[in-house]
Every structure is written in C-alpha cells, then in structure tokens.
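Chemist: As a plain string of letters, each chain reads:
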Amino acid sequence: MGGPIPLLRLKEISKSFPGVRALDSVDVTVGEGEVVALIGENGAGKSTLMKILNGIYQPDSGEIILNGETVSFPTPHAALERGVSMVHQEPKLCLPLSISENVLIGHLPKTRLGTVDWGKAHAITRELLRRVGLRLEPKTTAEHLSIAERQLLQIAKALAFNSRLIVLDEPTASLTPVEVDVLFGIVRDLQASGVSFIYISHHLDEIFQIAQRVAVLKDGRKVAEATVAHTNKAELVTQMVGRDLGNRFPAKGRVPGEPILEVEGLTGRGFRDVSFMVRRGEVVGIAGLVGAGRTELARGIYGADPVQRGAVKVHGKPARIRHPADAIALGIAYIAEDRRDGLFMPLAVKENITCAAPEKFSSGGMIRERARNAIAKDYIGALNIRTPSAEQPIQLLSGGNQQKCILARWIVKGVELIIFDEPTRGIDVGAKSEIYRLVDQLARDGKAVILISSELPEVLGMSDRVLVMERGRLSGEVAGDAATEESVLALALPSNTPAQGAYP
Amino acid sequence: MTQHIQPAKSSGPDLAPSSKMGAQTGASSINWTRFLVQYSNVLALIVILVVASLLSPYFLSTRNIFNVLRGATMVGIVAIGMTYVILNRGIDLSVGSLVGLSAALTASFADYGIGIAASIGLVSGLVLGLANGLMITKLRLQPFIATLGMMIFARGLVFVYTNGSNIVVDKPTDAFTWLGSAYIGPVPVPVVVFVLIWALCALVLRYTVFGREIFAVGANEEAARLSGINVDRNKIRVYCISGVLAAFAGVIMASRLTVGEPNGGTLFELDAIAATLIGGTTFDGGVGSVHGTVLGVLILAFLSNVLNLLNISPYSQMLLKGVIIVLAVVVSEWRKRK
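Order-wise, the sequence lines are chains A and B.
First residue of the first sequence? That's 879 in the numbering used here, and the numbers climb one at a time after it.
First residue of the second sequence? That's 9 in the numbering used here, and the numbers climb one at a time after it.
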C-alpha cells in the first residue's frame, strides 16, 4: 500500500526521558491516503511518538521523512506548516470566538488595509465545514458544539492548513455510535482525496472498520505490524499485552442480598421517572447511548446535581441527599466519568487515597500522620497501585493507577455502594482487568456497584443486571446472563433511529 | 473463601517501584540545574545575606537584622494569610485595607486598654473576612472581584471612620506599645509573635484535616466536593483567617506607631502576594507552603535593606523588586516541570 515513496516515514525513532527509554528505534510508515492504526497499552509510547511527529518533543535519534525528504519539527506550528496536524480527544477551542476564527486561526484572510476579511473568512470556513459534514454557521461562536462537532471542526482546521496527514487521538472516546459513523464517513471521504491518517484507539473493533494497517507498540518498541486483513482482535490484544488475557471478565455467580438503594420516580435535569433497586452483592450495569442521562442520573442520586422530584431509600429508610457529603454519610460513593473530576493532581498519592475518610486517622481535627501513612501504604499494596512511594504526586501515575487510587479512596471510606461511571475509559488493557477484578471483589464482599459504561462488552461482562436508559428514561432491564449486545441496543436506541448506528 | 479487598498484613510480594519512576539521571553526580531550581529561593536569600555582609559592615549587626525582621513582620503576617488563600486557589485583595481599618480601630479604642482595642480590631477583620468568604461561596463571585470590592469598601470605611486624618493615641501606655515596640531579650516582640503565627499556621496546614482540605479544594474544587469535603465552609474559613491575620497586623501597626493612619496598610496586599509567589506557592492552587512564603518575606525585606544600605533610591529599588517577582514565578514554573 501507499506507493513507492510513502508519505511519511518515522525512521528508527528513539527517545529517552530520565530513567526510561520511551521509544526504541520505532519505525512507522504511512502511505498516501492510508489510515494506519497505532495501538498499545498506556505507556507503550504512542503519545510520545505522536508528540515527536507534532513537534512537541524532539527525537534523540532517528528521522522524520516526509515525501522522501528529511524534516525536523521544532514546534507544533512547524509540523502544521508541513501538513501534519493533530486532532485531540477533547479538542481545545477558543469557545467564545466564532467558528471561522477557530478554523482559520493563525491565517485569517486579510483585506488590503490589514484588517480581517470576514466575508472571505466565512466563505472559506463554510466550504471547509461542508467537507467535514458540519452544517454550522461560521459566524456563530463555538460554544455550544458537542465534542463530536469539535473534533470535526479540528479536522476542518487541519484541512485549512492543507494537512496531508492527520493524527486522530482516541477520537471516539466520547462519541455516540451515530457520531462515530459520521466521523468514519468523513475520514473515508478525505482518504479518497488523498489525506492520510494515523489513528490511535483503545477500541480494537474500530480499527478493523477504519484502518488498513495496524502497528502495535509495547514498552517503546514496535512489536508487530500487519494489514488488518491479516490479523484479528485476539492476536492484537496478545501483542499489546504480551500475554493472552483469556477471559477478560471475572466469573459472575454472585449472590444478591437485601436492597441497599431504592430509587422511586427520580426526575432531574436529563432524566425522568427513573425507578430501580440495587441489592447487596450485585453489580448493576447502566447502559445507554451517550447523552441518555446515565451520568446525570448518577450525579442526581449522589447529590452532586439537584433533583426535581422522586424518592430515594437507602437501607430501606427514606433518604434526603442534597450534597455529595449526604450520600457519602449514607455509604454511597460516586466515581466521576472524567477521571480529572476525581483527582487532586498536584497532591500526593496518599492524600488522594485518604482525603474522603479523615475520621479514620484524625481526632479533633488533628491528623495522626502515622495512621494515615499506614492506611495509604496498605491500600497501595492491596490494590496493586504502581507508584514509587505514597508521596508521589498523583499526576505522575498512569491512568489505570490513578483510577485505582480513586477506588481505594472509597474502599478506605468503607462505603456500601459505589456508582462507577466509565470505570475504564482511557485505561490500558492490563489495568482494565484489574479494575474488573476489584469491582467483582467488592460485590463479593457484600457491597454493591452500579457500573455505567459506554463499552457494551464491559457492561455485559460485568453486570448481574443491566438497566438500559434511553433519552432520560429507563427503557428496560435485562438480566445479566440473558443480555446480549442486540437486546441492550434494542432498548438503548431511540425507537425512530435505524439500528445501523450500532455500538462500535 | 472470598478474599476481601483489604490490606493483608503480609501483603504478598513487595511492590517494586516502577522502573520508570524510580530511576535517576546521572548515576552519582548531583544534577546541579535541578538543585538550583529546587532551592532557588533559599539560595537567593543566602546570596543576598552574603553580598550584604561584604558590602556593609553594619549589615550583620544584631540591631540591623532585628530591625529588618521587625519591619517585615506586618507584611509577613498578612502574607501567611495570603498563602492560605492562594493555596485554596483564591486571592484576597482586601487585606491591605483590613490592616488599615484594624489599626485605626485599635488606635481609637486605646483608652479602653489594649485588650479591648485589639479585640475590636480583630473582630473587624473577622467580620469583613467572613463577608469575603460569603460573597465568594454563596454569591459565587470570583475571589478577585469580591475582594476587590472589599478592598475599596474597607478603605472607604477607614476614611469615613478617621475622617481622613490620623487617629493619634494620647499618652500610650506601656501595655499598648508592648506588642509593637518591646523586646524579649534582644528580640523584638513582633518578631516573636510572627514566628509563633508562622509555626501555628504551618502546623495547621500540615497536621489538621482543615489544612489538608485547603490543599484539596485548591487543587480541584469539583473533586473535593465529590469527595464529601464541605468546600464552602473550607473557603469561608480561609478568608476569615486571612481577614483576622490582616487585622492582627493592623493591631501591631497601631501598637508600634501609636497612630491609626487612614492610609495604613496600603499596598500590603501586593507585597503579600509577591512574597507568597516568591515562596513558590502557585496561583493554580494546591501547591506551596507557609515556609516558602516566610522565605519570600525575608528575601524582599533583606533585599530592600541592602539596597537602602547601599543608598539606592526607593524608586530604583522598585525596578529590581519587579524583576525579582517575575523571575521567581518563572523559576517556580521550571520547578513544576522538573
């Protein structure tokens, strides 16, 4: 594929940081009009490689060869000028500015007087928006765009720079299935006109839909490369992890006990008339499309956002939860969808683990440091959190280990029910199975877990029962062993939407 | 049968620190750049002290040193409160005015004895600090805006109360002037008081739940809320403490000068912010310490002392101070990246 001279060759790229060889002679080529998937666990070196390609880092050795010519990208702008651009997972836009300015920023067309030629700017932008399938008015601000629209806008921006290679970094992480289809359609169109893509994703299924070739990184080395026709998911997972994961999910067979949480007719912003019950020893999944109201429901139960009506009972007693602290006092915890909403980045791992349960290591407001250190250390061990010490700022840990710290926080607190929103988003395969094992263990210890996830295999694999939400309502419940992707999807999709917009 | 997720006492094979994080750069040699960046403010203070003692024989005299320290205590106390606020990801622009208000009140009630006079001053700081906290939490105002309003309002109060002229304490008693002017051995009382406040505030920050919550709220307010921390209460307390410490500085000012000046404490807020930043506390919240701030206070105080001894005009001194503040923040950004 890709003709005699590839569009891009990253040749024997190596890069070290103090104490770690992030990339070791990695070689990746991308042909013209080709989509190459780059996969690997977190820390495998994908982002380092992409940062080198985008001029954020400089390689220690190796070359970037573009169209047969060796180039160097001292800054992201230099990369952009040479037609290499990057679309981030959650694009950063200048929200209060107009869409035209966001797309053309850096090279707005000028009139002879040196002022911005708005007529021309909007016309150019309109044409670019058309190419990426966005029906938006260039004059309006970028404020109300969905994440999907922002990503497409970034692609438009890349096209404005005549980009010939676009890096898509986890583009589908927050997209609905329909939006994913739209994105893939655009990618295919652009591909036909000669634009190449490097596609980074944890969703292996997507790779088979969109990419022609796939390169696997592990511990800074390229361990495999294949055309998608000549590989399969299981093989890729083995190559990424370096071992066969076998069954990803722990066996079920948990025994439910008495109810912990009963929700009756709960209504708030984004969800209506939701009733359900969670018992001890259960993992209850909540499935649904993005925007179906799952997170809103969770935050409503937790007191993080106000509810309008409905009743909540905890351990059979009516409960008034108006603030997260009320929920926590009743033994309910919520782990936010966006991990950054749960982390105190500059603070030590031990602060992050112990911050919700000061009563365990303080008296009269005074902290007993030794007791606190002991707790932190114990749970770092029990949850297998990989950190050089309890004093390490949590921002230096990998996503999986950060997530385990947040989980540890609530286990330390001793809560009975954990509402776990997107527990494994952006986490590598190895850490995922550890999280699954911990969730299973919690249920077996007589606690309960509500698991909200957009990854259908995860909901099905983990849950004893699956609640399905559709446009703010509970559209049904499926028993865990009877649940299939089809049965859940049938409930999750709005009745007037054709089922082709299926989960990735 | 089921193994609970609880720390087993013999927790299996010990976790080897991940090789990625444990390793060091050059095996045995110290990384000098890193060392310089890490301890830049300590080094800066040492350099100032050494240079000063070489340039001026008078500099190292006990008398000069304690004079400088005494001069630094008022801004120093305000800066410690400011550190709490900035760690909490806020800002308190009103402290200078609160110093002035407290000093004016304390001076005007001097006849009732220092106890009552000082209490009235401190209560004024507490009440207006509380008002800051309530505006920020209940009215959801940005700290900058709320405390800017308070800065102007409180300064207005001082002018209205003093009618724009000095309130002079007639025949100040020894008890009244003790706090600002007396000595314990060779050490001025305000210096002793400053050290006590420093120690107390550092201990609170390090060893109380309240202190750790200041960091948590500053580092990530939403995460703090979702962790069950009472964010509003935490912030209100922080602004109250800032207000009371500012008022305390005002009490010392009244005791020292035996005058309540309508302009007392003007620009203290900026000196306090500068000292806090030089001390490595960042506007991003959750990073910094009271010790750093004290270092910042000392650097600014000794620097201007040296420049005075060298007969450099106050105007030129400002040029240098401005550069140093910006430089300090640049260095603390480097430190973050290391």
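For the record, the hints were derived by calculation from the structure and aren't laboratory data.
Hints are supplied without guarantee of correctness; some may be wrong.
Beta-carbon label-pair distances, calculated as ranges [what the hints assert, rightly or not]:
| no. | chain 1 | residue 1 | chain 2 | residue 2 | range |
| --- | --- | --- | --- | --- | --- |
| 1 | B | GLY330 | A | GLU1269 | 44 to 54 Å |
| 2 | B | THR41 | A | PRO954 | 46 to 56 Å |
| 3 | B | VAL135 | A | ALA1001 | 26 to 36 Å |
| 4 | A | GLY984 | B | SER173 | 31 to 41 Å |
| 5 | B | GLN325 | A | SER1241 | 45 to 55 Å |
| 6 | A | GLU1269 | B | VAL50 | 56 to 66 Å |
| 7 | B | LYS146 | A | GLU1015 | 46 to 56 Å |
| 8 | B | LEU62 | A | GLY984 | 30 to 40 Å |
A few chain B residues facing chain A, derived, Cβ under 10 Å [to be verified]:
| no. | residue |
| --- | --- |
| 9 | PRO65 |
| 10 | PHE67 |
| 11 | ARG71 |
| 12 | LEU156 |
| 13 | ALA207 |
| 14 | ALA210 |
| 15 | VAL217 |
| 16 | PHE218 |
| 17 | GLU221 |
| 18 | GLY226 |
| 19 | GLU230 |
| 20 | ARG264 |
| 21 | ASP292 |
| 22 | VAL339 |
Note that the Cβ used here is the ideal one computed from N, Cα and C, for glycine as well.
Chemist: Hint by hint, which ones does this structure get wrong, listed from lowest number up?
Modeler: Going through the list in order, the structure violates hints 1, 2, 3, 4, 6, 7, 8, 9, 10, 11, 12, 13, 14, 20, 22 and respects the others.
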